[in-house]
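Colleague: Chain by chain, the residues:
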Amino acid sequence: MVTTRASLDDVWAWLADVPDPEIPVISIVDLGIVRDVAWQGDTLQVTVTPTYSGCPATAVISMEIEAALRAKGIDQIALKTQIAPPWTTDWLSDAGRSKLEAYGIAPPRAAGGPARCPRCQAPEVELISQFGSTPCKAQWRCNSCLEPFDYFKCI
Amino acid sequence: MVEGLLRLGDNTLVLGQRLSAWCGHAPALEEDIALANIALDLIGQTQLWLGLAGQREGQGRDADRLAYHRDAWDFRNLLLVEQPNRDFGVTMMRQFLFDTWHLEVLKALTGHVDEEVSAIAQKAVKEVTYHRERSTDTIIALGDGTEESHNRMQSALDRLWPYVGEMFDPDDADLTDMATLRPAFDTYLLSTLDEATLTKPDSAFAHLGGKTGVRHTEHLGHMLATMQVLPRSYPDAKW
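Protein chains in written order, with this note's numbering: chain A, 11 to 165; chain B, 25 to 263.
Hints listed in this document are in silico derivations from the structure and should not be mistaken for laboratory results. Glycine is no exception: its CB is placed at the ideal position from the N, C-alpha and C atoms. Do not take every clue at face value.
[To be verified] Some chain B residues judged to face chain A by a derived CB distance under 7 Å, without partners named:
{"id": "1", "residue": "Ala58"}
{"id": "2", "residue": "Asn61"}
{"id": "3", "residue": "Asp65"}
{"id": "4", "residue": "Leu72"}
{"id": "5", "residue": "Lys147"}
{"id": "6", "residue": "Lys150"}
{"id": "7", "residue": "Arg158"}
This is chain A alone, in the form it adopts within the complex (with noise of 0.2 Å):
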């Protein structure tokens, strides 16, 4: 039987359309999840890594990219799950960030917090709790519009 693999580049395209379940403004391949794509034979190897070790959208990202190879025709897929190095805010693409951004959700910053509120960009944010709706963020708010946002944590 002769069979064409896709390109490696082909994939990691189709990977970055599948959207994050959580924050579907960013891509999977955007928060830096998506650590390797191979082909091992026929079978297309996804190694992902989880943000975090709990975070619940872990199976449905699966799932997801899952059904998105195979509706590019991809049948054997093997999801490898890994660990170590453990994920960290600093795989998250700039284009990411910006959409991030632009979504409402302040980027993470080694600073620690965010440098401005999402919305006005006024620079004048307080911290009200370490944990947002999500594993990944925290709850800021701007004092100068007094909307409260989310920062996605940095680690």
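With chain A held as given, fit chain B onto it using these hints.
Modeller: Frame of chain A, contents of chain B only:
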């Protein structure tokens, strides 16, 4: 090795279950979300530790099997984590004592010779660094708060103090020598208590028997009854 992995996984499982009980009941929405998120991290770590324990044991037990189909005497968690939630002060003091110990343990395990143990520790250490930061802030805010909050935090510390010693009681089943972690724990604890205007109890008395499984407190069985009832009553249930 399996025994040491069970200890790590049972600690995070039991404390994760305890914290989950606050969901919908915490004093403020932010606290509610924070406790649920910490519980989620701990349950995620449980899946890794107990998953590896089952794999190394080699008898076909996965993390769910170990979590839901063992009885209290088979659990290897510290007595501290099975203590009831009581009020928010006790919950946060228990969390602070555990986080401070847990972080030192994980830091030590990142250098473990077994690659899989080290990988889980490297993942968990990031999450637990954040947990300790949060519980430290809370201890200081409540300890150095109103007269009422100060008194509650001091009584929480007095109540939980006899469960601290077990964390550092060394034996061969632990994956790292716990006794060597005590100085770092004490340093951090004392500086935090100082800022929180709380007083460390003088007693060195320690209740033992949780991590060896010899003598759990009565509270563990009640907690497991709630946690395990569904998979035990409906063994084929999927979720």
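Colleague: Confirm or reject each hint.
Modeller: Hints and how they fare:
no.: 1; hint: Ala58; verdict: holds, 4 Å
no.: 2; hint: Asn61; verdict: holds, 4 Å
no.: 3; hint: Asp65; verdict: holds, 5 Å
no.: 4; hint: Leu72; verdict: holds, 6 Å
no.: 5; hint: Lys147; verdict: holds, 4 Å
no.: 6; hint: Lys150; verdict: holds, 5 Å
no.: 7; hint: Arg158; verdict: holds, 5 Å
Against the hints set out earlier in the document, no violation occurs for any number.
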